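Asks: Here is how the chains run, residue by residue.
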Amino acid sequence: MITDLKLTANELRKKILFTAHYNKQGHVGGSLSCADILTALFFNQLSIDPSNPKWEDRDRFVLSKGHTALALYATLALKGYIPEEELKTFDQYGSRLQAHPDMTRLDALDMSTGSLGQGLSAAVGIAIGAKRLKKDFHVYCLIGDGESQEGQIWEAANIAEKYNLDNLIVLLDQNGLQQYGWKNETNRKSPELRGKKKFESFGFDTWEVDGHCMADIVGALTEAKGQLNGLPKAIVMNTVKGKGVSFMENNYLWHSKAPNDEEYQQALIEMEGAIK
Amino acid sequence: MAKLALEDSKVLALDGDLGNSTRLDAVEKETEDSFLQMGIAEQNMVGVAAGLASVGFQPWVCSFATFLTKRAFDQIVVSVAQPNFDVKLVGSYSGLLTSNTGKTHHSLDDIAIMTTIPHMIVIAPGDANETEAAMNTMHQTKGPIYLRLTRDETIPAFLLDSEFEIGKGKMLAEGTDILIVSTGSMTYQVAKAIEKMDGISIAHQHFPTIKPFDKEMLLEGAKHVQLVVTVEEHYIRGGLGSIVSEILSEYLPKKVLRIGVLDAYSGCGTDVEILEENGLSVERIVEQIMRKWE
Chain A
124 MITDLKLTAN
134 ELRKKILFTA
144 HYNKQGHVGG
154 SLSCADILTA
164 LFFNQLSIDP
174 SNPKWEDRDR
184 FVLSKGHTAL
194 ALYATLALKG
204 YIPEEELKTF
214 DQYGSRLQAH
224 PDMTRLDALD
234 MSTGSLGQGL
244 SAAVGIAIGA
254 KRLKKDFHVY
264 CLIGDGESQE
274 GQIWEAANIA
284 EKYNLDNLIV
294 LLDQNGLQQY
304 GWKNETNRKS
314 PELRGKKKFE
324 SFGFDTWEVD
334 GHCMADIVGA
344 LTEAKGQLNG
354 LPKAIVMNTV
364 KGKGVSFMEN
374 NYLWHSKAPN
384 DEEYQQALIE
394 MEGAIK
Chain B
24 MAKLALEDSK
34 VLALDGDLGN
44 STRLDAVEKE
54 TEDSFLQMGI
64 AEQNMVGVAA
74 GLASVGFQPW
84 VCSFATFLTK
94 RAFDQIVVSV
104 AQPNFDVKLV
114 GSYSGLLTSN
124 TGKTHHSLDD
134 IAIMTTIPHM
144 IVIAPGDANE
154 TEAAMNTMHQ
164 TKGPIYLRLT
174 RDETIPAFLL
184 DSEFEIGKGK
194 MLAEGTDILI
204 VSTGSMTYQV
214 AKAIEKMDGI
224 SIAHQHFPTI
234 KPFDKEMLLE
244 GAKHVQLVVT
254 VEEHYIRGGL
264 GSIVSEILSE
274 YLPKKVLRIG
284 VLDAYSGCGT
294 DVEILEENGL
304 SVERIVEQIM
314 RKWE
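Heads up: the sequence lines are chains A and B, in that order. Residue numbering for the first sequence follows my numbering, beginning at 124 and increasing consecutively. Residue numbering for the second sequence follows my numbering, beginning at 24 and increasing consecutively.
Calculated from the structure, these hints are not laboratory results. Note that the coordinates shown come from a computational prediction; the quantities given were computed from them, not determined experimentally. No residue lacks a Cβ here, since even glycine has one placed at the ideal position from N, Cα and C. Fair warning: there could be bad hints in the mix.
No more than 25 Å apart at the CA atoms, straight line, and that leaves these computed lysine to aspartate or glutamate pairs for DMTMM-like [said to hold, decoys possible]: (1) B:K33 with A:D180; (2) A:K129 with A:E323; (3) A:K285 with B:E55.
So the derived list for chain B, only partly shown, Cβ under 8 Å to chain A, looks like this [stated by the list, open to error]: (4) N67; (5) F80; (6) A180; (7) G198.
Among the chain A residues that face chain B by a calculated CB cut under 10 Å, a handful are [unchecked claim]: (8) L128; (9) V185; (10) M234; (11) G237; (12) G240; (13) Q241; (14) S244; (15) G248; (16) L256; (17) I276; (18) N281; (19) I282.
Assemble the whole structure, with the sequences as input and the hints as a guide.
Replies: As structure tokens, then:
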């Protein structure tokens, strides 16, 4: 099962790179950092039905770091929500696949996002709603570490504890980089990597795993889903921005940049190498 | 609000820790389960409402007008209005009358802010009965709506017609010299001001909905008068005065006098003092109109 998921994650990375290269657009770095997380969610954890995207008992997924919509669309294509061919329309005029998720254009999306910090509040609202409706679905929300500089993330975390949202699972893609960030001696960095401590202090059950180790991701997600103890969950995923492509890894310049032909070919060779 | 929540379990009241000022506490007293305390965090409160609406609830987000519309503006646009969620936004303590709290609590730009948002309906009723009718209509109408409320305790139930229909203005008085256009709390002030202006034939239109605006009624009423006056507890820029001026300049150019708060920060004082200072007391409304008319 884990091997299959790893292969799927590799396919997902290829789709992300294909889409960014084809359209010459996209936030590639952060899309690659969350590729394993999205694979684990959509191909192992979420209770969803691509043929019935509005099924009311489905698990919900909110991409709060909406700029990595590229990764989500590639996932939805792999999962069968949208034709793979449609990825060629990403970020184009009239496309359902807007640069940042627009739920009014695409049924498979549970929330419109793109202005950072907002998705987690919506996820909290969905989770409160689920409790009131006595529904047992879970609400997953993927946030970024750069995004967590937004105060609204912590406003939402505060309320999640107050309303005992054990049906809320926050996934923090902690890749340590943002668009520009703070300068240090060798590179640029996100200001700090204390996501676990912070969520703990906000009353969450927390996990911290290697966000590229499929077995660990699945393990943490499975544990988090199982603990209906009144506490919201946060899984800190330590990831690498640009993961899977050597020249993109840990380089903030790939935050929002599409590979040229040569870079794309090189990336594909690395993708092929990764599964051998 | 409590009545709506008792009638419909999908109606939820979200409070930003001001329920004992805005009287949203009535919901907690009547049906505690429908009352959700969100704390002093307006941005999150609006986002939570979006999430609740996505699973079928009708959240009413309640705070002071200035905090709700300015602090959470991006959240209102991105999380509520763009996805067209059935979220009701209630801004209490709009305008100047905020119980001696001064500049930070006055809300003089919320009409300007909220009317810029696509999908957003903006309502400012004139008295309590009209407010109740408007809230019933809001409950029946899917989609984001902003309700602008006043704290002015001196306004009686003076509107003879308290029915409410979104986008419909009300002709309160007929006249041929001047048309006075007002909204929200100022409609009562204008009604009193008109009593003091003998010898001039004054028409009075009240606009409980600011967006969509009842353009037809305005143009019909403005047709035969020589002067159109707008009165609002809001900056004269971006609010009712601007909307009326835009419509008239496009379809029926007329002389317009805009009465409202000018380009300045307001200060503390009693309701009477602040209205007087900003030209919104009955006497000052009369004085400004007469000066222009003469």
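Asks: Identify whether the interface hint at A180 of chain B stands, where standing means a beta carbon of chain A within less than 8 Å of its own.
Replies: Violated, because the Cβ-Cβ distance from A180 of chain B to chain A comes to roughly 35 Å (cut-off 8 Å).
Asks: Let me know if the C-beta of Q241 of chain A comes in closer than 10 Å to any C-beta of chain B, holds or violated.
Replies: It holds, given that the least Cβ distance between Q241 of chain A and chain B is near 5 Å, below 10 Å.
Asks: Return the status of the interface hint for G240 of chain A: holds when the least beta-carbon distance to chain B is below 10 Å, violated otherwise.
Replies: holds, 8 Å
Asks: Given F80 of chain B as an interface hint, is the shortest Cβ-Cβ distance to chain A below 8 Å?
Replies: With Cβ-Cβ at 6 Å, under 8 Å, it holds.
Asks: Is the shortest C-beta separation between G198 of chain B and chain A less than 8 Å?
Replies: The hint is violated - G198 of chain B has no Cβ within 8 Å of chain A, the shortest such distance being about 45 Å.
Asks: Was the hint right that G248 of chain A lines chain B, CB cutoff 10 Å?
Replies: holds, 2 Å
Asks: Is K129 of chain A close enough to E323 of chain A, meaning Cα to Cα at most 25 Å?
Replies: Judged against 25 Å, a Cα distance of about 30 Å means the pair is violated.
Asks: Hint validation: M234 of chain A versus chain B, beta carbon distance must be below 10 Å. Holds or violated?
Replies: holds, 7 Å
Asks: Holds or violated: is the Cβ of G237 of chain A closer than 10 Å to a Cβ in chain B?
Replies: Constraint on G237 of chain A satisfied, holds at 7 Å.
Asks: Using the nearest Cβ pair, does S244 of chain A come within less than 10 Å of chain B?
Replies: holds, 2 Å
Asks: Using 10 Å as the Cβ threshold, decide whether I282 of chain A counts as touching chain B.
Replies: holds, 6 Å
Asks: Less than 10 Å between beta-carbons is the criterion; does N281 of chain A satisfy it with respect to chain B?
Replies: holds, 7 Å
Consistency note: the structure conflicts with the earlier hints numbered 2, 6, 7, 8.
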